[in-house]
Amino acid sequence: MNILDELLDAPVNLSRRRFLASTAVGALVIGFGLPLGSGRVQAATTAERGTQVPAFLEIRPDGTVRLLSPFMEGGQGTHTAMAQIVGEELDADPATFIVEAAPPGEAYVVMENGMRITGGSMSVRMSYPTMRRLGALARAMLLQAGAKQLGVPVGELTTQPGRVVHAASGRSLGYGELASSALNMPVPDPASITLRDPSQFRWIGKPVKRLDAYDKSTGKALYSIDLKVDNMLHAAVQHAPRLGMTVGSLRNQAQVEGMKGVHSVHVLPGAVAVVAERWWHAKRAVEAVQVDWQEAAADSTLRVMPADFSSDKHFEFLAAQQGPARDDENEGDVAAALKGAKTQVEATYHNQYLNHGQLEPPSALARFNPDGTLDIWLPNQAPDMFRADVAKRTGLDPAQINLHSPLLGGFFGRHFLYDSANPYPQAIALAKAVGRPVKLIWSREEEFLRDVLRPVAVVKFRAALDDKGLPVAIEAVSATEGPTEALAGKQGDKIDPTALEGLSGKSYAIPNKRIAQIYVKGAPMLGYWRSVGNSLNDFFYESFLDELADKGKQDPYELRLHLLRDNPRLTTLLQAAVELSGGWKRGPFTAEDGSRRARGVAMASPFGSHTAAIAEVSIENGKVRVHDIWQAIDPGSIVNPAIVEAQVNGAVALGLSQTLLEEAVYVDGKPRARNYDLYPILAPAQMARVHVRVVESGEKMGGIGEPPLPAVAPAVANAVAQLTGQRVRSLPLSRHTFS
Amino acid sequence: MELRINQKAYQVDADADTPLLWVIRDDLGLTGTKYGCGLAQCGACSVLVDGNVVRSCVTPVAGVVGREITTIEAIEEDEVGKRVVATWVEQQVAQCGYCQSGQVMAATALLKHTRAPSKAQIDAAMVNLCRCGTYNAIHAAVDALAKQEGA
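Chains A and B, in that order, give the protein sequences.
Using our numbering, you'd call the opening residue of the first sequence number 389 and step up by one each time.
Using our numbering, you'd call the opening residue of the second sequence number 34 and step up by one each time.
In isolation and in its complexed conformation, chain A is listed as follows (with noise of 0.2 Å):
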């Protein structure tokens, strides 16, 4: 693709900003102008992870830079993270930086761990050294320029903001001035790299403001929903009522043929869809089409939702599994320890389904061009997979797809590659068949219907308490399936992490402790939710172990400091919440307001980074309210303060919303909501106020946007617990009533 045919083939209401990038003449073309599928880029695809600096970066004349990231900009501020990360390599303001998400591509992959998605708390985590060095490589090759421009040796210039700077003789270029000589240095030997000392840091560790926050209060950011392209039509569906169910006729497609605006209508699989001119008449059209649907066939691949599937019915299924178990921690003899106890507890929790609910409702735009390639604009958290998957069902060469992944209006796991949860296929497939570009966008009830959801478990724990009141073993065998698990659509040879994730990994030194999975897989399609698997299971733990501290006459802080009293780092960050807090005052007590309260502690451990959080809560007419939320997160180190207090909040928000209010009740095979009337989710009144501490161990580097999420739930349930004298063994929390 060439810069003419880049802007021939970038959608019409694209940003003037990304015009301007398309257009740019003369420009130190590492990147985007530069054909991605030349020789330059290909070429390296052996080398070493994200040392492909043509590949990641274009400077302009005016000195403007531009990264294409590795990872998706969603809300968690990670373009902004890049650009700190980048820039203070490449001595380059991140003020001065226009970040967007790269192709897929090898080029790309600069995970640790050899994959690229955005998720799992990873993108910064698990590419900090190699996009420092990144950024430093380029400003190698720029150094490398400036002595052949200037004429003097390499070792005599520096560079300042922006410049590289030769002071012996007071000379020096701007970066966008180097961009074309610089385009044509090879890129450095990465071992000959030498990364800044931290102690020199300008930009990693400050509150840098984010790049976007200008287009997102101006309604100048765009999502995938807003693009459009020439000659574009819209689309709706009607999905099936039931995953599983197909079109069998069209009681009235006459009839809707001839409504007003419609320009076709069509049979997909599970899925009657309308095209028109304009989408409100493909909704309205889709809605009135009266579709005979069949049962889904015997030798059906998708994950068939029973008539009868009750989720209600479903937690007292789990309930009744007696195994088997497959353990996945086992230390000490639980069974010896509990048999000889001097107390036994036991208790059986579980949580519930939950909908994704981000705002911006899936779409996705399709338009096959006169080459034979496709060009695919989609909300995706994993593009490489995504392209192989519309290669897959296109037969087309992954090298015939542009996948191009536009800022993403809230994601929390929504837009992974889940197979019957996407509209691509479906906007491809009617691209083909009308022969002109589609926007398929799933209507907010539509995609109550195909989200996919966070999963449940029934867990039951078993512990014993010496003489002392302290516990000695704990068991907890939870009756669930994983998300990854319910993807693969089957057990895999070794446990799924993301199912127990949160009951295992523990770190309180009780001597003796079982963690096992009873494998039961379910009727819904389960996906990854902000926090995964911990977002269930610290809840469930945590709350027992007050249990555990209530039955033995401990207090539930100082039982966690006496269980830590070997782990300084864990000691530490259990201290900051609570100092954080001003003390630790469990209550209840009277507030100033008149209102009785109460605060309750939890911690957990996720995604790498450690957090403490102590809730307060009141009872405000039989429901519960909580008031503050002190949180300590320890991710190791950080890049970006601000970012990280933002992510609490986000996260803090999250977590209330699912221990108060939040639930995908079904009923008869079907969702009883398609719309946020029947799921509500968090309002700002329901908001508690945040307290954030980051601690900086300066251990291994840790995640942000899912961390602060897990210990929510437990500390207000042990808070509740606390001021109601109510254990609450399931959420929400709406579910049950206190006085």
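These aren't lab readings, by the way, just hints derived from the structure by calculation.
Remember, predicted model here, so these are calculated numbers, not experimental data.
Quick reminder that beta carbons are idealized off the backbone N, C-alpha and C, glycines included.
Be careful, since some hints might not be right.
Label pairs and their calculated CB-CB ranges [what the hints assert, rightly or not]:
1) Asn501/A / Ala149/B: 48 to 54 Å
2) Pro629/A / Ala95/B: 30 to 36 Å
3) Val1053/A / Ala149/B: 42 to 48 Å
4) Ala149/B / Arg824/A: 49 to 55 Å
5) Glu101/B / Thr736/A: 57 to 63 Å
6) Glu109/B / Gln548/A: 29 to 35 Å
7) Val160/B / Pro595/A: 28 to 34 Å
Quick list of in silico lysine to aspartate or glutamate cross-link-like pairs, EDC-like style, CA-CA up to 16 Å [what the hints assert, rightly or not]:
8) Lys648/A / Asp46/B
9) Lys973/A / Asp1016/A
10) Lys648/A / Asp50/B
11) Lys115/B / Glu182/B
12) Lys608/A / Glu35/B
13) Lys608/A / Glu110/B
14) Lys145/B / Asp176/B
15) Lys597/A / Glu123/B
16) Lys608/A / Glu109/B
17) Lys616/A / Glu182/B
18) Lys648/A / Asp48/B
19) Lys115/B / Asp603/A
20) Lys616/A / Asp763/A
21) Lys145/B / Glu110/B
22) Lys616/A / Asp60/B
23) Lys41/B / Glu123/B
Mind docking chain B on chain A? Use the hints.
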């Protein structure tokens, strides 16, 4: 029918009951106003009609003929809106940003009616949903704007 949007006149060929949202987005190409739910639940589609915030996803287009409609695209042409945007940027409110057009519209409408709203008035007016959980940042931003006026 003729619509007045952002102080310009547009001739629109749409059914009377078409939601204003889809006329704005698809017919006029003003995509800053977002579709979130279509049921007036989330507020991502908020626009101003004669200075009042309305949810355009349930507002029939025929009902706004002859009214002055303002969308996010023109919000900085309004003195109050310009200050709201500047504060939104300064306070780094947005995360994914999808709901923020509507939030800025709601804040602008509030401040145009009530120059220095109290915390309770802010709570009563700022009810749009945000799945990223920027509620505290939104409240702080509007509170800062109220204090600018109150000072």
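We went through each hint and held it up to the structure:
Distance hint check: the CB atoms of Asn501/A and Ala149/B are about 52 Å apart, consistent with the given range 48 to 54 Å. Between Pro629/A and Ala95/B the beta carbon distance is about 33 Å. The supplied range of 30 to 36 Å therefore holds. Checked against the given bound of 42 to 48 Å, the beta carbons of Val1053/A and Ala149/B, roughly 43 Å apart, stay inside it. At about 53 Å, the CB distance of Ala149/B to Arg824/A agrees with the hint of 49 to 55 Å.
A C-beta distance of roughly 60 Å is found between Glu101/B and Thr736/A, which places it inside the suggested range of 57 to 63 Å. Distance hint check: the CB atoms of Glu109/B and Gln548/A are about 34 Å apart, consistent with the given range 29 to 35 Å. A hinted range of 28 to 34 Å for the beta carbons of Val160/B and Pro595/A is consistent with their spacing of about 29 Å. Between Lys648/A and Asp46/B, the direct Cα distance comes to roughly 12 Å. Compliance with the 16 Å bound is thereby established for this hinted pair.
Between Lys973/A and Asp1016/A, the direct Cα distance comes to roughly 13 Å. Compliance with the 16 Å bound is thereby established for this hinted pair. A hinted pair counts as satisfied when its Cα atoms are at most 16 Å apart, and Lys648/A with Asp50/B qualifies at roughly 13 Å. The hinted pair formed by Lys115/B and Glu182/B meets the criterion: a straight-line CA distance of about 14 Å does not exceed 16 Å. With a CA separation close to 25 Å, the supplied pair Lys608/A and Glu35/B exceeds the 16 Å bound.
As the CA atoms of Lys608/A and Glu110/B are separated by approximately 15 Å, the hinted pair is consistent with the 16 Å bound. Restraint check for Lys145/B and Asp176/B: satisfied, since their Cα atoms lie roughly 14 Å apart, inside the 16 Å limit. For the proposed pair Lys597/A and Glu123/B, the alpha carbon gap of about 8 Å is at most 16 Å, so the pair holds. Under the criterion of a C-alpha separation no larger than 16 Å, the hint pairing Lys608/A with Glu109/B is consistent with the structure, at around 12 Å.
With a C-alpha separation of about 41 Å, the suggested pair Lys616/A and Glu182/B falls outside the 16 Å cut-off, and the hint is violated. Restraint check: the Cα-Cα separation between Lys648/A and Asp48/B comes to about 9 Å, which is no more than 16 Å; the hinted pair holds. At roughly 13 Å between alpha-carbon atoms, Lys115/B and Asp603/A fall within 16 Å of each other, so this suggested pair holds. Restraint check for Lys616/A and Asp763/A: satisfied, since their Cα atoms lie roughly 12 Å apart, inside the 16 Å limit.
About 14 Å separates the Cα atoms of Lys145/B and Glu110/B, which keeps this hinted pair within 16 Å; it holds. Taking the CA atoms of Lys616/A and Asp60/B, the gap is about 12 Å. The hint holds against a cut of 16 Å. Using a Cα cut-off of 16 Å, the hinted pair Lys41/B and Glu123/B is violated, with the two alpha carbons roughly 30 Å apart.
Hints 12, 17 and 23 from the earlier list are contradicted by this structure; the remaining hints agree with it.
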